[in-house]
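2 protein chains.
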Amino acid sequence: MKKGLLIVLSGPSGVGKGTVIKELMKNDDLKLSYSISMTTRKPRNGEVDGVNYFFVDRDTFLKAIDDGELLEHAEFVGNMYGTPVSYVEKLRNEGRNVLLEIEVQGAMQVKKKCPDALSIFIIPPSMEELASRIRGRNSEPEEIVQQRLDKAKKEMEMVTQYKYVVCNDDVILASDIISAIIKRHMQIKSN
Amino acid sequence: MKKGLLIVLSGPSGVGKGTVIKELMKNDDLKLSYSISMTTRKPRNGEVDGVNYFFVDRDTFLKAIDDGELLEHAEFVGNMYGTPVSYVEKLRNEGRNVLLEIEVQGAMQVKKKCPDALSIFIIPPSMEELASRIRGRNSEPEEIVQQRLDKAKKEMEMVTQYKYVVCNDDVILASDIISAIIKRHMQIKSN
Chain E
457 MKKGLLIVLS GPSGVGKGTV IKELMKNDDL KLSYSISMTT RKPRNGEVDG
507 VNYFFVDRDT FLKAIDDGEL LEHAEFVGNM YGTPVSYVEK LRNEGRNVLL
557 EIEVQGAMQV KKKCPDALSI FIIPPSMEEL ASRIRGRNSE PEEIVQQRLD
607 KAKKEMEMVT QYKYVVCNDD VILASDIISA IIKRHMQIKS N
Chain Z
457 MKKGLLIVLS GPSGVGKGTV IKELMKNDDL KLSYSISMTT RKPRNGEVDG
507 VNYFFVDRDT FLKAIDDGEL LEHAEFVGNM YGTPVSYVEK LRNEGRNVLL
557 EIEVQGAMQV KKKCPDALSI FIIPPSMEEL ASRIRGRNSE PEEIVQQRLD
607 KAKKEMEMVT QYKYVVCNDD VILASDIISA IIKRHMQIKS N
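Chains as they are written, first to last, in this note's numbering: chain E, 457 to 647; chain Z, 457 to 647.
Since the hints were made in silico from the structure, they are not lab data.
Treat the hints with care, since some could be wrong.
If chains are identical, the list can't say which one is meant, so a pair holds when it fits in one copy or spans any two.
With a straight-line cut-off of 30 angstroms between C-alpha atoms, the simulated DSBU-like cross-links for lysine-lysine are [said to hold, decoys possible]:
#, residue 1, residue 2
1, K459, K569
2, K645, K482
3, K609, K487
4, K567, K482
5, K569, K609
6, K482, K639
Pulled out of the complex, with its shape left as it was, chain E reads as follows (with noise of 0.2 angstroms):
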């Protein structure tokens, strides 16, 4: 069995992540998984551990980073979340692509431990777009717009630590590049 890749995903939000990897998921050539985050935060309704995530208390979070055990980790509203090398691994040695939906700062924690990891960044046709997109998806203020527009220019800055940037103009071209990089990845490993 060939150990899968580790793939990370970032880019923008309101770029349309979401509807790329669905869209990579409906290709089982893939072999894709996704990885599971361990975090703090409590169980929502209907929620499993080891499902939706490895749901732990602080004090375990924080020792799983002192003993190096999350690849990377970030904290939001007062709640941490991480991404476990045992899983990861236990998903590569098994052959699975494992997917990273994961921020900046995370992928940069990534690119640090795993240097093979391969890195996407999706960017939008133009500021202009995701401008559009963020308005048309909620109907937010437009001072949360602004915010999320400069979040999106900070992060389009660190599009150069990425190894392959996707503009997400069309869903289905987007997604068609990423197969293209992953299938080219899956096929340099296997020689």
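With chain E held as given, fit chain Z onto it using these hints.
Chain Z only, in chain E's frame:
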């Protein structure tokens, strides 16, 4: 018969356009055809009019420009080269996707006349890699290599004028990505 696409491919000298195109040409599904250029240059031994080039005198060439019969044109070392609209249209009307490998200036002329042209710019993984490719290809004096690199840097600034930017780190992957772009546009056109 669906009208074929017009595909403009540019990229700095040394980036590997030729190798990528050779790879693309292997794939019959892409229905790629080269255009034949018009030139004032004298035929070399074995070159056939209407096969290698449309050979014309300078007056005929200048008249073709005036009459709007050229999609783009440029002068190199005293000879004029251009792309005849009529031949490109003939191929496209036969359902062929016409590939123009032209310099940035020519590509901008095509863009003006054919806003539906699919423009693709091939970039090197880095300027260091481009330099080493240029150095590896010929044993040119360092001065010439530097001139090529300076020209490449200027050309790279035009990258935003192109619809797609593809990095040629790996020839197979670069041509796979360009194939995906062409196929997707064939699909969109036929919908």
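Hints, one by one, checked against the model:
Taking the closest pair of Cα atoms, K459 and K569 come within 30 angstroms of each other only inside a single copy of the chain (17 angstroms); across copies the shortest separation is 50 angstroms, beyond that limit. Taking the shortest alpha-carbon separations for K645 and K482, both the intra-copy value of 22 angstroms and the inter-copy value of 24 angstroms come in at or below 30 angstroms. Proximity of K609 to K487 under the C-alpha cut-off of 30 angstroms is found in neither arrangement, the shortest distances being 32 angstroms within a copy and 39 angstroms between copies. Taking the shortest Cα distances, K567 and K482 sit within 30 angstroms of each other inside one copy (27 angstroms), while across copies they are farther apart (36 angstroms).
When the C-alpha separation of K569 and K609 is checked against a cutoff of 30 angstroms, the pair qualifies only within one copy, where the shortest distance is 26 angstroms, while the shortest distance between copies is 33 angstroms. In this assembly of identical chains, the alpha carbons of K482 and K639 lie at most 30 angstroms apart whether taken from the same copy (14 angstroms) or from different copies (19 angstroms).
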